[in-house]
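There are 4 protein chains.
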Amino acid sequence: MRFRVYTRLKYQVAGPAYFLMNVAVAKNKLQSVLEESFQTSAKQTEEFTLDPAGKRIHRLTVGDGNLEISYQATVECFHETLGVDSLPVLSVDALPSDVTGFLYPSRFCQSDLLARLTVHQFGSIAPGFERVTAICNWLYKNVEYLGGVTTSSTSAFDTATEMAGVCRDFAHLAIAFCRASGIPARFVSAYAYGLNPPDFHAHFEAFLGGRWLLFDPTRLAPQTSLIRIGTGQDAADTSFATIFGAAQLQQMEIGMQLADSSQPAPEYTVAAISNLPSFS
Amino acid sequence: MRFRVYTRLKYQVAGPAYFLMNVAVAKNKLQSVLEESFQTSAKQTEEFTLDPAGKRIHRLTVGDGNLEISYQATVECFHETLGVDSLPVLSVDALPSDVTGFLYPSRFCQSDLLARLTVHQFGSIAPGFERVTAICNWLYKNVEYLGGVTTSSTSAFDTATEMAGVCRDFAHLAIAFCRASGIPARFVSAYAYGLNPPDFHAHFEAFLGGRWLLFDPTRLAPQTSLIRIGTGQDAADTSFATIFGAAQLQQMEIGMQLADSSQPAPEYTVAAISNLPSFS
Amino acid sequence: MRFRVYTRLKYQVAGPAYFLMNVAVAKNKLQSVLEESFQTSAKQTEEFTLDPAGKRIHRLTVGDGNLEISYQATVECFHETLGVDSLPVLSVDALPSDVTGFLYPSRFCQSDLLARLTVHQFGSIAPGFERVTAICNWLYKNVEYLGGVTTSSTSAFDTATEMAGVCRDFAHLAIAFCRASGIPARFVSAYAYGLNPPDFHAHFEAFLGGRWLLFDPTRLAPQTSLIRIGTGQDAADTSFATIFGAAQLQQMEIGMQLADSSQPAPEYTVAAISNLPSFS
Amino acid sequence: MRFRVYTRLKYQVAGPAYFLMNVAVAKNKLQSVLEESFQTSAKQTEEFTLDPAGKRIHRLTVGDGNLEISYQATVECFHETLGVDSLPVLSVDALPSDVTGFLYPSRFCQSDLLARLTVHQFGSIAPGFERVTAICNWLYKNVEYLGGVTTSSTSAFDTATEMAGVCRDFAHLAIAFCRASGIPARFVSAYAYGLNPPDFHAHFEAFLGGRWLLFDPTRLAPQTSLIRIGTGQDAADTSFATIFGAAQLQQMEIGMQLADSSQPAPEYTVAAISNLPSFS
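Residue numbers (the numbering used here), protein chains in the order written: chain A, 1 to 280; chain B, 1 to 280; chain C, 1 to 280; chain D, 1 to 280.
Quick caveat, the hints were computed from the structure, so don't treat them as lab data. No experiment lies behind these values; they were computed from the predicted model shown. Check before you lean on any hint, since a few could be wrong.
Claimed, not checked - Quick list of the computed label-pair ranges, beta carbon to beta carbon: (1) Asn66(A) to Ser152(B): 51 to 57 Å; (2) Pro96(C) to Arg8(B): 56 to 62 Å; (3) Pro277(D) to Leu249(A): 37 to 43 Å; (4) Thr49(C) to Thr81(B): 33 to 39 Å; (5) His120(B) to Glu36(C): 38 to 44 Å; (6) Ile125(C) to Asp199(D): 35 to 41 Å.
To be verified - Below, simulated BS3-like cross-link-like pairs (lysine-lysine); rule was C-alpha separation at most 25 Å, straight line: (7) Lys10(A) to Lys43(A); (8) Lys141(A) to Lys141(B); (9) Lys43(D) to Lys141(C).
For glycine and all other residues, C-beta sits at the position ideal for the given N, C-alpha and C.
Between the sequences and the hints, there should be enough to build the whole structure, so can you do that?
This is how it looks when you write it as structure tokens:
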């Protein structure tokens with residue numbers, strides 16, 4: 001499907017500062033950028049790509065005053081639907097070595113502390129597609145989607161008990177449950193179609209049957225509309241802006257439309273779905 | 001029933017120190033001390049009683065060297081079984097004013113953080129005797145009784161997720177669930193019959209129908225064998241020893257026997273039971 | 001000094017609910033109420049007094065709809081200035097027994113976790129008036145007074161590291177440092193003169209030389225203008241409103257004036273000062 | 001310098017399990033393995049290398065019963081001493097892109113929560129070699145090296161307040177202070193000469209002047225004796241054993257000797273020192 005996405009950000013900066021911006025869409029075999037522009041009032045801008053999923057960072061060097069950032073792109077993305085039967089659960093000895101890194105606890109996903117709760121809540125369900133689906137359903141049913149009750153330091157350990165939060169909190173808890181189940185899992189930041197109000201979105205991926213499958217326990221946007229921006233351990237390394245220096249966000253606008261209004265609208269699915277090519 | 005209880009404690013003390021010992025059994029209308037002795041090598045000892053439940057503190061002034069404490073008592077205690085039907089749930093406006101203090105979160109029972117989890121887990125059960133029983137059953141079934149996985153700083157918030165611990169952890173989480181349900185609840189330290197290995201025990205009380213009812217989610221000792229020592233918000237103010245100064249526990253012995261071997265053995269019950277007289 | 005204080009609160013309530021309001025000024029020998037009124041749209045109101053410091057609770061029974069509470073009083077309060085030389089530090093064995101309860105850690109003042117930090121930061125200062133003053137000065141100098149960075153679940157343990165917060169966070173950390181120093185300390189909610197914007201205030205008391213002395217590490221209001229409302233372990237049991245049921249605060253107004261404009265304005269002091277009579 | 005290192009581990013395993021062992025010494029340009037052997041009773045063993053620092057994982061597939069692992073190696077390592085003047089602090093815009101990942105908070109190093117404390121404690125020291133040295137000195141002076149007070153879930157946020165711990169706690173807090181200073185920092189597990197009792201060691205690296213410099217705030221072993229095993233965000237991804245399944249460590253032996261007794265003994269240094277080659 002083809003989408004147009006854009007974001008405009010305005011910061012007030014005091015003194016010299018550096019920004020690591022992660023707002024450009026990732027480039028990989030299943031997601032390509034047809035055209036894009038990244039404009040900024042920064043003194044200096046450098047772009048680099050960080051991982052196989054195609055995460056792109058714009059590193060800005062900024063002085064005193066206003067900083068404006070404007071990004072827009074037209075993106076083509078493919079979401080592959082996979083037969084669940086072709087998704088055998090990989091045991092640890094069959095995981096690609098670079099995937100094992102997503103089995104460890106991280107800043108916001110303390111899977112080590114959630115080991116017993118995971119067994120208690122999900123121990124009776126085979127640890128594969130069915131368990132990840134059960135984790136998502138449990139979150140959707142039991143955790144209240146609610147702004148303003150969590151902060152940027154809220155973690156999966158908190159949400160397991162406090163049971164309310166926003167998309168990043170849902171993703172963190174789901175990831176922690178997966179890792180505690182022995183399933184590699186990671187955080188994905190995204191543009192998502194139809195969010196109200198429009199905002200950056202967060203969902204997660206679990207590694208099953210040799211593929212990174214996409215899951216969104218919030219059910220706030222059709223999976224086929226999720227456009228990958230960044231991929232990482234959790235929100236700690238997948239923020240749209242990491243700032244070194246003193247800066248205040250003053251304005252933020254974000255939007256997403258169908259690039260071609262004649263194409264069918266994105267749809268929800270309960271199938272296994274991936275927007276990253278297989279490893280091989 | 002009549003029991004003989006004793007404890008012997010040995011500390012290594014460096015420099016001047018003060019101990020607030022809470023090992024003597026409480027005295028109240030349903031629990032009387034037939035004879036007892038409290039012996040110590042402390043320089044100075046003073047005893048005072050703190051609350052209506054009869055909590056007794058021995059305050060010791062200690063110098064350098066060994067401190068030995070030896071306590072033994074013969075106790076007669078009554079546990080009243082109450083008809084559940086005579087236990088209407090008291091709404092907040094009907095609580096005795098000094099009971100309202102046990103509705104607040106405390107050091108180890110962060111009921112404020114457990115509000116949603118309580119609704120999620122127990123919201124469908126009427127908040128009275130039935131709910132407190134459900135809380136105890138849930139703890140017994142889901143939290144693993146396991147030494148060495150928790151420390152003296154583990155709290156209800158931790159145990160809600162980590163799901164393992166010892167008697168004080170069980171009591172803390174039960175109390176937090178009760179308070180989050182609007183039911184006053186508090187921590188009780190106790191001598192308990194038949195613990196293996198022998199140790200101080202912890203259980204809790206919930207205020208229902210105008211009475212403090214006794215509950216023990218660990219099911220490690222028959223309720224009619226629980227001899228009250230201290231009563232408080234949680235383990236923070238109900239420790240058997242609070243020490244000001246540098247001291248190391250070196251030896252601890254504790255024991256409990258039937259005072260009269262011809263009396264029937266203590267028994268488990270699922271009835272509502274209290275070992276404190278009614279307020280009136 | 002004489003002050004006029006008032007507060008007006010408006011809540012939106014869904015379903016039956018109970019409120020424990022703690023907005024009326026405390027009554028004790030050094031603080032008397034010349035006239036007051038407490039008006040509310042609640043179905044039922046009951047008042048009770050809880051402790052020797054004179055904390056007063058209005059317990060409201062409320063139905064669906066708007067709840068309005070309006071309180072105003074004219075208060076006369078005395079703040080005694082004490083010679084520091086007459087404030088020998090009391091060792092644990094000389095404390096009144098009901099004061100020992102303020103040596104324990106509580107929900108928001110985890111003095112147990114702050115033991116080493118206290119020694120490290122304040123160990124070289126004798127644990128008496130001088131140390132409590134040093135604690136206040138340290139807080140004033142090092143913790144940034146900043147709204148919006150803490151929440152109602154922020155505790156002393158957090159503030160020790162995060163180093164920013166509002167009056168309740170300052171009081172919590174100061175109390176934790178005191179208790180970890182072996183000095184009984186407790187939380188006081190208050191009306192305070194000249195706050196901008198007007199709000200309820202929080203400060204703390206430390207027990208030295210047989211008296212509860214008043215300290216305010218925020219330095220936001222002259223000590224002689226602090227009118228006691230509630231006294232407790234920490235904000236957990238000293239909130240201006242504890243609500244059982246579903247309610248939303250919609251409006252809050254609070255104010256304080258000199259009752260007699262010809263009297264001298266309240267002043268800051270570095271002396272030892274108390275607004276509670278001596279125990280005797 | 002040349003060293004001989006060895007470790008022998010014995011586990012009791014129940015059911016099928018997978019182990020990711022990280023006990024083999026890393027291989028890179030400044031650290032080479034002259035000879036080694038890795039023996040195990042596992043059913044299947046696979047080795048892979050994970051990062052530019054040469055971290056090596058042995059992935060074991062294990063069945064019921066005892067698992068024995070025995071590793072020994074003779075290693076030659078070089079530690080380069082660098083002139084501090086040749087270590088300009090790199091601003092964020094000059095960092096290699098793969099180094100930026102070590103600026104983010106992680107499971108045990110919550111640099112986001114330590115931002116103000118870092119400014120407060122170290123804000124007056126230029127953020128370069130001097131600041132990292134100050135961080136190490138502060139830790140050495142103020143945090144007590146003490147076994148048994150921390151657990152495997154203790155984090156930098158805890159240690160900042162609790163001020164006691166072992167080598168991994170020292171490394172975690174140092175890393176958090178560095179990242180909060182804008183200095184990339186990471187965790188290193190190591191064999192270290194002269195530890196008493198012998199054990200795996202942990203220290204950390206900070207990225208300064210285009211090099212990963214080595215720091216050890218515990219001062220428990222001469223820096224030139226530190227043999228790198230693993231490198232990672234923190235102990236979460238740098239453990240000597242990550243186990244999937246039920247297993248109990250039953251025995252652990254570890255040792256390190258000079259390979260050639262005629263060589264000079266390893267020495268402590270206050271110079272800037274690195275055991276990884278420069279990026280270029």
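Status of the hints after comparison with the structure:
A hinted range of 51 to 57 Å for the beta carbons of Asn66(A) and Ser152(B) is consistent with their spacing of about 52 Å. Checked against the hint of 56 to 62 Å, the C-beta distance between Pro96(C) and Arg8(B) comes to roughly 30 Å, which is inconsistent with it. The hinted range of 37 to 43 Å is satisfied by Pro277(D) and Leu249(A), whose Cβ atoms lie roughly 40 Å apart. The hinted window of 33 to 39 Å between Thr49(C) and Thr81(B) holds, with their beta carbons roughly 35 Å apart.
Judged by the Cβ atoms, the range 38 to 44 Å given for His120(B) and Glu36(C) holds: they are separated by roughly 42 Å. Against the hinted window of 35 to 41 Å, the Cβ-Cβ separation of Ile125(C) and Asp199(D) comes to about 37 Å, which satisfies the hint. Note on Lys10(A) and Lys43(A): the hinted pairing holds, with a Cα-Cα distance of about 15 Å set against a maximum of 25 Å. In summary, the hint linking Lys141(A) to Lys141(B) is supported, as the alpha carbons are separated by about 23 Å, within the 25 Å threshold.
Distance hint between Lys43(D) and Lys141(C) is unfulfilled; the C-alpha atoms sit about 62 Å from each other, more than 25 Å.
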